[in-house]
Structure formats: structure tokens, C-alpha cells
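Visitor: Chain residues, written in single-letter form:
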Amino acid sequence: MKSMHISRRIEAVIAAAIILGTAAKFCLAEEMVAGPLASLRSELKQEVNDSKSREQMETIGVQDLKLGEYQDGKSLTDVHGNRVRLEQYILVPQPNQIEFLTYTKRDTGVDTLKAVYTLNKDIPVDLETNAPDIRRVGELDPNKWDSGALSDITAPEFYAKSIDSRVSNDKGDSVAFQAENGDLYKVPTFTDLFNSTYKYDVIYENSYIKLKTAANSDDITKVRLAHVGGTAGTATLGTLEYYLPKYQSTTNELSKTVTVDPSKRDSIYNANGKYALVDGLTWAHTTCDSYWDGTKVNDINAWSDMTLSQLINKKLDWTNTVNFADGTSLSHRETWIKDDGEQLSLGSFVNMLRSITPDNWAVKLSELNHEGIWTATEFGSRSIDVIWSPSIFVKVATSDLSKNK
Amino acid sequence: MYNKNTDFYGGKLKMTRKIKFMALLLVSGSAALMSAGQASAETKIMPLFNASLGFGNAFYLENSGTPSISYDIDYVPAVIFNEKLTLLPRLNSNYSGTMMPKEIEEEGNIYVQTWDNLLYTKIVDKLNTSWILRGELGFKSELARETADESWGSGLYDYGKTHLEVSMEKKFEKPISITFGERIYSTTFPNYRALSADSTQYSQLLSGDKVLDTASGETFIKMEWLLNRTFLACKLGATQSNYGDQKVVSIVDGHYLDTKRKDAYSNFTVGVSQLIPDFKVPLGADDEGRRKVKTFLGINYESIAKDSNQNQFDTEKIKGIGDYYDYRQTCITPSVTFRFLPANSDLSISYDVIRKNYSSRIVQDVNGNYAADEEKIYQSSNVMNLRFAFPVMKKYLASISCSFRNSRSNMLYEKYFQYNFNAYSYMLGVGYEY
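Just so you know, the sequences run in chain order A and B. Just so you know, we're using the numbering used here here: the first sequence kicks off at 430 and counts up by one. Just so you know, we're using the numbering used here here: the second sequence kicks off at -17 and counts up by one.
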């Protein structure tokens, strides 16, 4: 479902409503002079008008309160003209934990995104208030970590040792993305074609994708990724083992072992034939299908059939579906939406890029409104539909763990 | 910064007691008036009726809305007990529909509709030639539909307001009067709850439940002075609003403190009006000098200051901003009204110059990045209003009005809210007054 934010127009709507409804203001000078000279009837009218003007002042006070809600982006309208409310919170449940919590409310219910990051050390305490000062944990976003020649890079002060994130609806369905026992490794970036840039990144000992449904309150593990080997703090990265549902069974089995290659986290086609989980590789009885704005794009040949015009009109709207060997499937659709409500097309995306610098493209993208929709065989016709914007969860809570980290 | 000195009530409990006390006072006064009325043969009822119907359209940037209607009906059966005592019960119903253009996928418009209904009673007691006592008790309900899925009564921002006001006016021998009084009111949003309130895990930890509901009190004083053809009026008011269920957010880590939000709001208004000498309009040979123009000149200045202890924590940029809702606003409105006689038609022009400065909010660029020099947000607006009204038959007045609004700000992050825009509107109306 497409969604958009047009609440930014509300200021004008309210302005127009006020303009249309306050004809009395035109007569300001006349009333002020005529009032004290009035007859009994006019005197009574003056009493009523006094009350009216006071009432108007209080109405403006309520409008002021509503404007504050709109300015904070708490109350939005989606592409269908329906009310969407967003609330976003940051909590510190433990001294070394940060929790992000968002609620998306539509007339159909409230969907939630919750992500708890357990850091490698406690959050520094603000000396004045003695409260954890999460503003000093800016390095949590890997995009901000230093990069450069391997010998130059420095390890980030803070990183997430474990992540427990979950999207859920209010019908009892949820999808969890979890990672545990993470360590820093020196990894080449996807621009390693030039073999010159590196960065620190976190590789987790175990990562999971799990489902929970109203009918089954226990988590069902759909994917487990185990990191084997490697030496923390070095460029020796080891391998990843994929454990997926076994054919015609409810248990998982080791399906594939791959060399850790950070280039895959950016979904870039690799000439060596290494793909992320979502990139369309068939392993045993598990298959992955990727759709870009309705077009199946499982392999590199998908692009060759498109004209340039078709490409630039494609919306930034991806659906990745994993069809597991046990006959179930899990689908995640992610779409990027401009602030005026349209889904971004590749063409409009390119135009946007032309207005910004190479350094801020990731920031620019993260400022777009994101909508994530999850469906699964276990959910039946129900879905989880969350809108969010903080870039910090976009990276960790939804994308990375579904790919080969 | 929030000022404890303006915290008149210190919480909802004291406010409730105050409302009860003033209501008791008002009810007692009403009973006394009714007794006086029954005992008097002079009692008479003078109905005041006013109704207007409007049809107009609004334009936002380059987009046109769809023409829509509005109406206002006001009925006041004034009960005049004698020369001193008057009771003014008032019923008012007001509907406003503003269809704004497109940008939503299926409907193509967003239709903002409000429907207000108000019931109040006002007592005016001229104690003697120098003093007038006024009391007012009222209730207002506003229903709002701002989105396609909201029906009447289900609007997120529907609200109800109960108010009580007591004031005294002192008239001096010179045509000067001073009024001082107290107005207390509560505002409740029945359909608005914090989303986190439904979560058993977080209901106590987070913002609160009925986070928009407030209990407020205003102390005011105003002065009016009529000197020949010049009229001067000024008013000073200070309002305290207590949010009984909205917790203050920490600027350090975004968590909710035990402190509840309190807003202090003050406004100062001064206006001068001048009736300048009539001038004749020599049009036609048979004019015989009957065609004249009366001119009313006016200028109004308003200054508003809002101070709140509520902060904001930006979860996207991990940044806390203290006193987030504080602002100062000034508005200067020159106006002129020409009354053409003997037709009794009016041409009115007014021009608002508005400047709003946020005390703490920091400017953001188009990407949402905060300004390194922490420049604060301002918004400047200019609004021009034009109206031409003319009688079409006895007690009926037709009008044509239009407005132009221009708004500019140094705030460039408009993901959620538009700070820079132009808007226009027009309205055709007909009114009846008795």
C-alpha cells in the first residue's frame, strides 16, 4: 500500500478556514467606534460580540495545539486520505541498551516496530542530570564509521553486541530480526573493486528471522545464520552458515555455507556469483524471488529486457519473498515515498540525487518515508504494515539481517 | 522558559475547586436574577438573531480547491429583567467546510470540515452607574473531519470545552472603562489517546494517556476609552494551561519525566480606531449631496508570548530541544472601512503583518540537518483581507470577500509541515440579522 504525508498542507487548510470564517475582523474599526455609542439592541449585540471574540481566541489556542501535533509529524494523512498517526520513542531499558519504539495507527489497528540494541558498553551519563546521554552514541550507525586505508581505520567506540527487533500488528502476528554476540571486523566496503577502502562492521555469531502468530505464541525460526571462524578485530572474516527449513519438515538444516563478503549487504551483483539471501539464489528447496515494482528481478538478465524509459519509470518499491522448503513463505515489501506522497521512481530518484552531494545521499534516502509490509503464510490474510523514518532502524532492523551480513 | 510565578493553580485539583466555586457563585447570581425577574413586571424578552451563509473556495500554491459552503446561526433570546439585570442565553451553530486540493490518491481532495455548537448563558448586572458585573457559563463542542475515514463524532481532534467567566467593569465619568476578570476553562479531546497508552508494557512509562486535555485559567484586564471620534482599547491577559496527563520529555535521552506539562500564555492587545469626517461623493446631477462616505481607520497591535516546560526529543536526529513550544508572536493590523451612504454598503480592507519567532526551535535544512549555529526558526506571514458588503433588502446583507496569505520561514525542512507557501481564498455570503 502506498502511503504519504500531506499534513504539511494543514497549515494552509487551517489558514484558509480561518480566513473564510472571520469576516468580523473586517469591521474592526467600525465596531470599535460604533460599540460604545450603541442603542440597547446594539449594546446587547456588543455583549454577545465580546463573548464571540473571546471564544475565537480560545479556538485559535486549540488550533495552535493542533499545529504543534502536525509540526511534530505525529498526525499524518496517507495516500488514501485516511488518518495515520505516528508516535516514536527512544527508551533506555538498561544502562547499555537503547530501544526504539514506533507506533503506526490506522483505522485498521496499530502496528508496532520495536528494536532493542544492546551495546558493547554502558551509555555515558550526563553529568548534570545523571541520566544516560544517548546523544553521545552517534557512532551506532555504521554509515558513520571511519573508513579509509586498512591501516588508518579506527574502531568505533560504540556498537551493538546484540539486536532484538520486531515488527508486529495488534492481531498477534510478528516478525523478529535478532542477532547475538556481535564483534567488530575489518571489512572491505563494496567499493573494494579499487581495493583501497575499508571499514569496521559487526558480524554476529547468530542471526535469526522468526515469526510469531496469533495461533502460535512461540517463535518459529525461519532462518538462522551462524558465523563460523574469523578473528574479531581483524580482516579474517570466516564463513556464514545458513540454516533453513528442511524439505517437508518443520526442522531446520544447514543449507549453505558461504564466505562472508560485505559487498553482498549492498545487494550488488558480484561477478564471482555470490549473492545475498534475497538475491534470487535457489538453495536446495528454498527459493527467493525479488520483485522491483512488479517486475521479477531475480538475476542480472532481468535488467537487460527493460528499456531505459521503463527503468526510469520504475518505482522504488521492492518485494522480496522467500519460499521455504516446508511450503511456507515470508514476504517483505519496502517502498520509499516522497514527502508529497508519491512513491519515488528511479527517474525522480536520479533527479533528487542531482541536487545533493555524494556525501549525503544515504542521509537523503533515510529522510524519505519508509513503509514496510510483511506477509507470511502463517499470517493468512493478515499483514504487518509499519511506517517509520529513523534511519538507524532502517539499516539494522529490517534490511541487513535478511541479507548476508 | 516556564515561569513558576504564573502557575496560578498548581494543578488540576485546585483548578477543579476553583471551577466549582465560580460555578456556585454564578448559579447563585442566576437564581437571584431569576427571582428579581419574577418579581418584576418590567421583564421582557428581546430576541437577537443572526444567520449567515457563505460559499467560497481556497487555493493553495498553484492548486485550486473545490467550492464549499459555511454557515453560522446565532440566537440570543435576551431576557431583560429591568434596566440593570439582563440574561443572555445564546445558542450558536457554525459549520465550515474547506475543500483543499488533491494529493491524495483516490479522493483527490482533503475536505476539512468543522461543526461547532455552543450553548452559554451570560448575566449582565449593572450594579450602579459605575460598576457592571458579568458572569458567563458555557459549553462548546467542536466536531472535525480532516480525513476521508473520519465521520462526525469520530474525528481525532474533536473537542469539548467548558468555560466559566466572572468579570467586573468600572465605568468612570470620562468615557473610560476598565474591566478585570477571571476565565477558567477545560478542554477535552475525547477521541485522542496516546498510542502507547494501549500498551500494557509502556502505558506507565511513556507520554501519558489523554495527553491533549487541559485545564486553563486566564486573568485579564482591559481598558476602553472613547474620546470624540477616537476609540482606544487595550487588553492584557495571562493564561495558565495545565496538561493533566502529558509528561515532560527529557532532552538528554528522550525518556518521560514525572513532571507534567504546563504552558503559560500571555497576550497584550492595543487598538485605536478613528472615525474621520464624512466626505461627499459628487456623482450625478440629482445627487443633492446625499452621497457621502464615512471612513473608519484603525490599527491593532497584538503581542503573544507562549512559555512551556515541554521539550522535544528528535528520534531521527537524536537531538533534544528544550522549551520546544516557546514562541513570541506579534501582529500589526491596519484597517480601513468605507461606508457608502445612503446605500449603506461597506468596503473594508485590512492587512495583517505577523511575525512568529520560536525561542528554542532550531532551523533545519531540507535534509533535516540542524543548523550548526543553532539559528532559531521564524515564520513571517502577510495576510490581506478585502470585503465588500451591501444590503439587498431589509435586514439582509450580501458580501463578497477575499484573502491573500503569504508565509515565509527560514525553516526548510518541510517533510511534515509546510512553512513556506502562498494561499488565497474568496467567499460570497448572505446574512440576515434581527
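Any given hint could be a false lead.
[Claimed, not checked] Listed below are the simulated BS3-like cross-link pairs for lysine-lysine, each with C-alpha atoms no more than 25 angstroms apart in a straight line:
| no. | chain 1 | residue 1 | chain 2 | residue 2 |
| --- | --- | --- | --- | --- |
| 1 | A | K495 | B | K229 |
| 2 | A | K600 | A | K628 |
| 3 | A | K481 | B | K66 |
| 4 | A | K481 | B | K242 |
| 5 | B | K301 | A | K495 |
| 6 | A | K495 | B | K358 |
| 7 | A | K495 | B | K66 |
| 8 | A | K534 | A | K639 |
| 9 | B | K358 | A | K481 |
| 10 | A | K550 | B | K299 |
| 11 | B | K301 | A | K550 |
| 12 | B | K229 | B | K108 |
| 13 | B | K204 | B | K338 |
| 14 | B | K299 | A | K481 |
| 15 | B | K358 | A | K534 |
| 16 | B | K242 | B | K204 |
| 17 | B | K108 | B | K26 |
| 18 | A | K534 | B | K217 |
| 19 | A | K495 | A | K550 |
| 20 | A | K590 | B | K301 |
| 21 | A | K481 | B | K229 |
| 22 | A | K615 | A | K628 |
| 23 | A | K534 | B | K192 |
| 24 | B | K229 | B | K192 |
| 25 | A | K534 | B | K299 |
| 26 | B | K301 | A | K481 |
| 27 | B | K242 | A | K495 |
| 28 | B | K229 | B | K262 |
| 29 | A | K495 | B | K192 |
| 30 | B | K204 | B | K217 |
| 31 | A | K590 | B | K299 |
| 32 | B | K192 | B | K153 |
| 33 | B | K358 | B | K299 |
| 34 | A | K495 | B | K338 |
| 35 | B | K376 | A | K628 |
| 36 | B | K153 | A | K628 |
[What the hints assert, rightly or not] Take a look, some chain B residues computed to stay more than 10 angstroms from chain A by CB distance:
| no. | residue |
| --- | --- |
| 37 | T25 |
| 38 | V58 |
| 39 | G135 |
| 40 | L218 |
If you are wondering where the hints come from, they were derived from the structure by calculation, not from laboratory data. Ideal Cβ placement from N, Cα and C applies to all residues, glycine included.
Visitor: Taking the hints in turn, state whether each one holds.
Guide: Consistency of the hints with the structure:
1. Using a Cα cut-off of 25 angstroms, the hinted pair K495(A) and K229(B) holds, with the two alpha carbons roughly 18 angstroms apart.
2. Between K600(A) and K628(A) the alpha-carbon distance is near 41 angstroms, which puts this suggested pair outside the 25 angstroms criterion.
3. Proposed proximity of K481(A) and K66(B) is supported: the alpha carbons are some 22 angstroms apart, at most 25 angstroms.
4. For the proposed pair K481(A) and K242(B), the alpha carbon gap of about 31 angstroms is over 25 angstroms, so the pair is violated.
5. Between K301(B) and K495(A), the direct Cα distance comes to roughly 23 angstroms. Compliance with the 25 angstroms bound is thereby established for this hinted pair.
6. As the CA atoms of K495(A) and K358(B) are separated by approximately 21 angstroms, the hinted pair is consistent with the 25 angstroms bound.
7. With a CA separation close to 42 angstroms, the supplied pair K495(A) and K66(B) exceeds the 25 angstroms bound.
8. For the suggested pair K534(A) and K639(A), the alpha carbons sit about 24 angstroms apart, so the restraint of at most 25 angstroms is met.
9. Restraint check for K358(B) and K481(A): the C-alpha separation of about 35 angstroms exceeds 25 angstroms, so the hint is violated.
10. With a CA separation close to 21 angstroms, the supplied pair K550(A) and K299(B) stays within the 25 angstroms bound.
11. Taking the CA atoms of K301(B) and K550(A), the gap is about 21 angstroms. The hint holds against a cut of 25 angstroms.
12. Between K229(B) and K108(B), the direct Cα distance comes to roughly 45 angstroms. Violation of the 25 angstroms bound is thereby established for this hinted pair.
13. Between K204(B) and K338(B) the CA atoms are separated by roughly 24 angstroms; this keeps the pair inside 25 angstroms, and the hint holds.
14. In summary, the hint linking K299(B) to K481(A) is not supported, as the alpha carbons are separated by about 43 angstroms, beyond the 25 angstroms threshold.
15. For the proposed pair K358(B) and K534(A), the alpha carbon gap of about 32 angstroms is over 25 angstroms, so the pair is violated.
16. Of the pairs offered as hints, the one joining K242(B) and K204(B) is violated, with about 31 angstroms between alpha carbons and a cut-off of 25 angstroms exceeded.
17. A threshold of 25 angstroms between alpha carbons decides the hint, and for K108(B) with K26(B) the separation of about 17 angstroms falls inside it, so the pair holds.
18. Taking the CA atoms of K534(A) and K217(B), the gap is about 43 angstroms. The hint is violated against a cut of 25 angstroms.
19. For the given pair, K495(A) sits about 40 angstroms from K550(A) by alpha-carbon distance, which is inconsistent with the 25 angstroms threshold.
20. The straight-line distance between the Cα atoms of K590(A) and K301(B) is roughly 23 angstroms, inside the 25 angstroms bound, and the hint therefore holds.
21. This hinted pair does not check out: K481(A) and K229(B) have alpha carbons roughly 33 angstroms apart, beyond 25 angstroms.
22. Under the criterion of a C-alpha separation no larger than 25 angstroms, the hint pairing K615(A) with K628(A) is consistent with the structure, at around 6 angstroms.
23. With a CA separation close to 16 angstroms, the supplied pair K534(A) and K192(B) stays within the 25 angstroms bound.
24. Of the supplied pair hints, the one linking K229(B) and K192(B) holds, its CA atoms being roughly 11 angstroms apart against a limit of 25 angstroms.
25. The straight-line distance between the Cα atoms of K534(A) and K299(B) is roughly 23 angstroms, inside the 25 angstroms bound, and the hint therefore holds.
26. Among the hinted pairs, K301(B) with K481(A) is inconsistent with the structure: their alpha-carbon atoms are about 42 angstroms apart, more than 25 angstroms.
27. Restraint check for K242(B) and K495(A): satisfied, since their Cα atoms lie roughly 19 angstroms apart, inside the 25 angstroms limit.
28. Between the alpha carbons of K229(B) and K262(B) the distance comes to roughly 63 angstroms, so the proposed pair goes past 25 angstroms and is violated.
29. Among the hinted pairs, K495(A) with K192(B) is consistent with the structure: their alpha-carbon atoms are about 14 angstroms apart, no more than 25 angstroms.
30. For the suggested pair K204(B) and K217(B), the alpha carbons sit about 4 angstroms apart, so the restraint of at most 25 angstroms is met.
31. Straight-line distance between C-alpha atoms of K590(A) and K299(B) comes to about 22 angstroms, which keeps the hinted pair within the 25 angstroms bound.
32. For a cut-off of 25 angstroms, the pair hint linking K192(B) to K153(B) is broken: about 43 angstroms separates their Cα positions.
33. Among the hinted pairs, K358(B) with K299(B) is consistent with the structure: their alpha-carbon atoms are about 17 angstroms apart, no more than 25 angstroms.
34. This hinted pair checks out: K495(A) and K338(B) have alpha carbons roughly 16 angstroms apart, not beyond 25 angstroms.
35. For the proposed pair K376(B) and K628(A), the alpha carbon gap of about 83 angstroms is over 25 angstroms, so the pair is violated.
36. For the hint linking K153(B) to K628(A), the alpha-carbon distance of about 79 angstroms lies beyond 25 angstroms, and the restraint is violated.
37. Separation of T25(B) from chain A is adequate, the least Cβ-Cβ distance of about 15 angstroms exceeding the 10 angstroms criterion.
38. With a least CB separation of 6 angstroms from chain A, V58(B) falls inside the 10 angstroms interface cut-off, contrary to its annotation.
39. Annotated as non-interface, G135(B) keeps its C-beta farther than 10 angstroms from every C-beta of chain A; the closest such distance is 14 angstroms.
40. Listed as a non-interface residue, L218(B) keeps its Cβ farther than 10 angstroms from every Cβ of chain A; the least gap is roughly 13 angstroms.
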